[in-house]
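Chemist: Chain residues, written in single-letter form:
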Amino acid sequence: MMDAKASLPAYRFVWNFSDTIVIAWRNVLRFIRLPQLLVFSTIQPVMLLLLFNYVFGGAIGTGGLKYIQYLLPGFLVQIVVFGSSQTSVGLAEDLSRGMIDRFRSLPMARAAVLAGRTLADTLRYTFLVLLMIGVGYAIGFRFHNGVAPAIAAAALAVLFGFAFTWLSAFIGMSVKDVETAQVAGFVWIFPIVFASSMFVPIATMPGWLQAFAKINPVTVTTDTVRALALGGGIIDPLWKSLAWIGGLLLVFLPLAVRRYRRIP
Amino acid sequence: MAEDSPATAPLNKVSDAAISAQGLSKKFGKVTALNNLDLAVSPGTIMALLGPNGAGKTTFVRILTTLLSPDAGQAWVLGYNVVRDAAKVRTLIGLAGQYPAVDENLTGRENLEMVGRLYHLPGQEARRRANELLEGFDLAGAANRRAKVYSGGMRRRLDLAASLVAKPPVLFLDEPTAGLDPRSRLGLWEIIEKLVKEGTTVLLTTQYLEEADRLAGHIAVLDNGSIIEQGTAEYLKKCCGGDVLIQVRLADRSQTELVSQILGTLGDGKIRTTPETGEVSLPVVGGTSILAEVVRRLDASGVVLADIALRQPTLDDVFLSLTGHTVESSAQSSAKAKDAEVSKRKPRRGL
Chain H
0 MMDAKASLPA YRFVWNFSDT IVIAWRNVLR FIRLPQLLVF STIQPVMLLL
50 LFNYVFGGAI GTGGLKYIQY LLPGFLVQIV VFGSSQTSVG LAEDLSRGMI
100 DRFRSLPMAR AAVLAGRTLA DTLRYTFLVL LMIGVGYAIG FRFHNGVAPA
150 IAAAALAVLF GFAFTWLSAF IGMSVKDVET AQVAGFVWIF PIVFASSMFV
200 PIATMPGWLQ AFAKINPVTV TTDTVRALAL GGGIIDPLWK SLAWIGGLLL
250 VFLPLAVRRY RRIP
Chain Z
0 MAEDSPATAP LNKVSDAAIS AQGLSKKFGK VTALNNLDLA VSPGTIMALL
50 GPNGAGKTTF VRILTTLLSP DAGQAWVLGY NVVRDAAKVR TLIGLAGQYP
100 AVDENLTGRE NLEMVGRLYH LPGQEARRRA NELLEGFDLA GAANRRAKVY
150 SGGMRRRLDL AASLVAKPPV LFLDEPTAGL DPRSRLGLWE IIEKLVKEGT
200 TVLLTTQYLE EADRLAGHIA VLDNGSIIEQ GTAEYLKKCC GGDVLIQVRL
250 ADRSQTELVS QILGTLGDGK IRTTPETGEV SLPVVGGTSI LAEVVRRLDA
300 SGVVLADIAL RQPTLDDVFL SLTGHTVESS AQSSAKAKDA EVSKRKPRRG
350 L
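Chains H and Z, in that order, give the protein sequences. Here numbering that gives the first Met the number 0 is used: position 114 in the first sequence is 113, and no number is missing along the way. Here numbering that gives the first Met the number 0 is used: position 225 in the second sequence is 224, and no number is missing along the way.
It cannot be assumed that every hint is accurate.
[As the list claims (entries may be wrong)] Covered by chain H, according to a simulated footprint, are these stretches of chain Z (three or more residues, beta-carbon under 8 Å): (1) 59-67; (2) 87-98; (3) 116-127.
Rather than coming from a laboratory, the hints here were simulated on the basis of the structure. Computed from a predicted structure; not experimentally measured. Even for Gly, the Cβ is constructed at its ideal location relative to N, Cα and C.
Modelling step: build the complete structure from the supplied sequences, incorporating the hints.
Modeler: Shown next, in the form of structure tokens:
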């Protein structure tokens, strides 16, 4: 019954979409029902935001700007980058528990397992970004550049997370177990998050580190989100940021899909 | 290799059999998982692939369920090539893998509905089918509980139910009862028998001789990636040298070698000794007259018996006479390795 229609492009498109939604739904449920995952992905960043603002904030010179104003835009960017490490952990878990085998033996859309997961993760980033903006507002952060740029700032952070999710998905299907997936994230996340303009102005760093920090995707995206939130020069960081997002997607989306098809 | 187009492939074999494989080979690095394997399973029957861990059972199932490509050879499900027509094959098969693939964070019902939706059943139909399966697999009471709290037996049943959502005509079960207690195993056997009665073709892999004997009309014995013998359980038992075994247990365990020498000329097959338990088994045809002779000889040599009995050969005896090693001896060592692997929660990418 299903097979005759299967070859029609219209049906195939609808099924790609509906399969993706089913998988996304499953991953969102998983996120909601794993209390420790919810705790770590919400309480931990809230705590970090408070610590950075109140512990280091006073000592970091940001050119007259209140530190929370400087910190929060970057915080939105780092939270999605850290959040994206969950994608590889979840996929590695699905692989080790045979879920991926089950999905691959079903007559479902081949791309849906990855698309569904990245969609669910993108919803998660949206939630995290909004939560952080709320906490930021409670401790003194304010958007100074109007509503539309504020929305654009949040959207850019989420989009940035979407790009990194595909990198993370590729890692999740390349490593051999869940533990490796967990630690693999930190290898790349810490350098790009800390060696950036997120916590401190990069002018305070040694020259060699500045060179890295300037081209770091976290820096250019933080600068863009900051400019959208507070005003200031936007063209230069914006195109660099979009170039990074496009580049990451262009490389890691096909790599991840290819990996999924050829799981040994 | 057999790079035949469908037209030149031996059509009879391909189209008559529900599952067939020709010259199937697969290597992982230097390890040969499958070596030129041929197999055919008739529609509506159940075939057991019997062999120890590492014999290639899971590799075979993964190739037939389109999860893995063979290095050489071809395989078909209901006449569809598992490589070329993979998408079509996926609509015809159900797979229950070696470990239950259930989403722990979803309830039993949600797991089945999810699979139903992925088979593109309409929402209502997916729900109806989920309820039907929960009922049939004795999971209705736990339907709204998360699979995380399910017992091993319940997970297995849920996994099997998930593989049946689309009522596939061909079912692959990779060690379906591994790690289950005897009662759960019996329950699962009854379910499988019922499916076959309803017309499903089943290929199951097992290390349990009892399981193959009980379920399968046809058994293929797999060792080192090749099928070394196949036939009915009765046939396999007979081909190992006799239709009955005389088994003696000695009061003095150190005498097993001596006894095997004394009885050496009497039997119709290879004598098997187990020094650890002091047992000696002698395959014979038409046992009773030889039984008396065995007792006479042993008595004359002054060997004291703790027990003597006639028994039916088990598939373990078959495996031993075919391969020279027992199923348990190789299964136990790899079972240990498997436990270690599971405790580290490594992904299952074994053979």
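Chemist: Each hint needs a verdict: does it hold in this structure or not?
Modeler: Here is how each hint holds up against the structure:
1. Only when three residues or more bring their CB closer than 8 Å to a CB of chain H does the claim for the segment 59-67 of chain Z stand; here the count is 5, and the claim holds.
2. Evaluation of the coverage hint for the segment 87-98 of chain Z: fulfilled, as 8 residues show C-beta separations to chain H shorter than 8 Å, against a requirement of three.
3. For the segment 116-127 of chain Z, the proposed coverage by chain H is satisfied: 4 residues have a C-beta within less than 8 Å of a C-beta in that chain, meeting the threshold of three.
The structure fails none of the hints (numbered hints given earlier).
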